[in-house]
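Kindly generate the complete structure, drawing on both the sequences and the hints.
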Amino acid sequence: GAVVSQHPSRVICKSGTSVKIECRSLDFQATTMFWYRQFPKQSLMLMATSNEGSKATYEQGVEKDKFLINHASLTLSTLTVTSAHPEDSSFYICSARQGFDTEAFFGQGTRLTVV
Amino acid sequence: AQSVTQLGSHVSVSEGALVLLRCNYSSSVPPYLFWYVQYPNQGLQLLLKYTSAATLVKGINGFEAEFKKSETSFHLTKPSAHMSDAAEYFCAVSGKRGYSTLTFGKGTMLLVSP
Chain X
1 GAVVSQHPSR
11 VICKSGTSVK
21 IECRSLDFQA
31 TTMFWYRQFP
41 KQSLMLMATS
51 NEGSKATYEQ
61 GVEKDKFLIN
71 HASLTLSTLT
81 VTSAHPEDSS
91 FYICSARQGF
101 DTEAFFGQGT
111 RLTVV
Chain Z
1001 AQSVTQLGSH
1011 VSVSEGALVL
1021 LRCNYSSSVP
1031 PYLFWYVQYP
1041 NQGLQLLLKY
1051 TSAATLVKGI
1061 NGFEAEFKKS
1071 ETSFHLTKPS
1081 AHMSDAAEYF
1091 CAVSGKRGYS
1101 TLTFGKGTML
1111 LVSP
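Protein chains in written order, with the working numbering: chain X, 1 to 115; chain Z, 1001 to 1114.
Among the hints, erroneous ones may be present.
Chain Z is faced by these chain X residues, among others (derived, beta-carbon under 8 Å) [stated by the list, open to error]:
(1) 49
(2) 106
(3) 107
Keeping only pairs whose Cα atoms sit at most 27 Å apart, straight-line, the calculated DSSO-like set for lysine-lysine is [as the list claims (entries may be wrong)]:
(4) Z:1106 - X:66
(5) X:41 - Z:1106
(6) X:66 - X:55
(7) X:64 - Z:1106
(8) X:20 - X:41
Label-pair restraints from in silico Cβ distances [what the hints assert, rightly or not]:
(9) X:100 - Z:1005: 26 to 36 Å
(10) X:61 - Z:1041: 23 to 33 Å
(11) Z:1062 - X:80: 36 to 46 Å
(12) X:45 - Z:1072: 17 to 27 Å
(13) X:2 - Z:1062: 16 to 26 Å
Rather than coming from a laboratory, the hints here were simulated on the basis of the structure.
Nothing here was measured: the structure is a model prediction, and the numbers come from that model.
The C-beta atom is built at its ideal place from N, Cα and C for all residues, glycine as well.
Structure representation (C-alpha cells):
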C-alpha cells in the first residue's frame, strides 16, 4: 500500500500555545486528506475533509477556527491546533487518498498532550 | 446513513484458539467494508477489505472475513490466534458507493493469553 507519514508522532505543548501536525503522502499525490481524532479507548471520529487547493469541510461540532487545516499541496496537509487546552489532548490521525474513488491510507498518528 | 456495530468491546482468546470478531453494518447502498488493526499509539493498518467482489476476503496475517448480505455482517476470523494479534480492531464502512468517507465501529480489543 501507499505510505502516509505524520509528524510529529508525539508532542507536548503548553496550554494556550498552538501546535502543527503534518501529514504527508510519500509516494502518491493525495487529492483528499482526512483528519480524525481518537479519544482513549474510543473509535476514530472524522474531524474534517480537505481537498487540495480548497477549504476544508468540517464535521458538525468541530471548531474550524480552533482546528486549522491547510492542504496547499498534493502531498502535504497540516492540522494546527490553536490555543490548545488540556481537553484537546488526544490522538490525531490523518489519511490520504489519490482520487475520488480510491482507497485511503492512514498515517501513524500523533499523540498530542497539552499541559 | 451508514453505521457499524462491533459486538464486544473486548474479546479474550488463548493462543492457538479461533479468533472471531463481529461486525454488523447498516448502509443504504452496497457497501465497501474494511477491517483495520491498531497497535498502541500507532495508526491504522488495513487487514482486509470487501469491495463487492468475492464475499470471502482473505487479508494479511492469516485473517479473513466473509460478507453476508442477508445478515448485514462482515465478521473477522483467524483460525489460530498468535500473541502478536493482541491489538484493537476496527470495522469500517464506506459512506457511499465505492470508496468514500469511512464510518468506524467502536473497536474491539483482542486479548491473547498464553
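Against the structure, the hints come out as follows:
Given the 8 Å rule on beta carbons, the hint for residue 49 of chain X holds: about 7 Å separates it from the nearest Cβ of chain Z. Because the beta carbon of residue 106 of chain X sits about 4 Å from the nearest beta carbon in chain Z, less than 8 Å, this interface hint is met. Among the interface hints, the one on residue 107 of chain X holds; its C-beta lies about 5 Å from the nearest C-beta in chain Z, closer than the 8 Å criterion. At roughly 26 Å between alpha-carbon atoms, residue 1106 of chain Z and residue 66 of chain X fall within 27 Å of each other, so this suggested pair holds.
A C-alpha spacing of about 9 Å is found between residue 41 of chain X and residue 1106 of chain Z, which places the hinted pair at or below 27 Å, so the restraint holds. Distance restraint check for residue 66 of chain X and residue 55 of chain X: the Cα-Cα separation of roughly 15 Å lies within the 27 Å cut-off, and the hinted pair is therefore satisfied. Restraint check for residue 64 of chain X and residue 1106 of chain Z: satisfied, since their Cα atoms lie roughly 25 Å apart, inside the 27 Å limit. Between the alpha carbons of residue 20 of chain X and residue 41 of chain X the distance comes to roughly 24 Å, so the proposed pair stays at or under 27 Å and holds.
A C-beta distance of roughly 28 Å is found between residue 100 of chain X and residue 1005 of chain Z, which places it inside the suggested range of 26 to 36 Å. Roughly 25 Å separates the CB atoms of residue 61 of chain X and residue 1041 of chain Z, a value that falls within the hinted 23 to 33 Å. Our hint of 36 to 46 Å for residue 1062 of chain Z and residue 80 of chain X holds, since their Cβ atoms are close to 41 Å apart. Roughly 23 Å separates the CB atoms of residue 45 of chain X and residue 1072 of chain Z, a value that falls within the hinted 17 to 27 Å.
Between residue 2 of chain X and residue 1062 of chain Z the C-beta distance comes to about 23 Å, which sits within the given range of 16 to 26 Å.
When each numbered hint is compared with the structure, no violation occurs for any of them.
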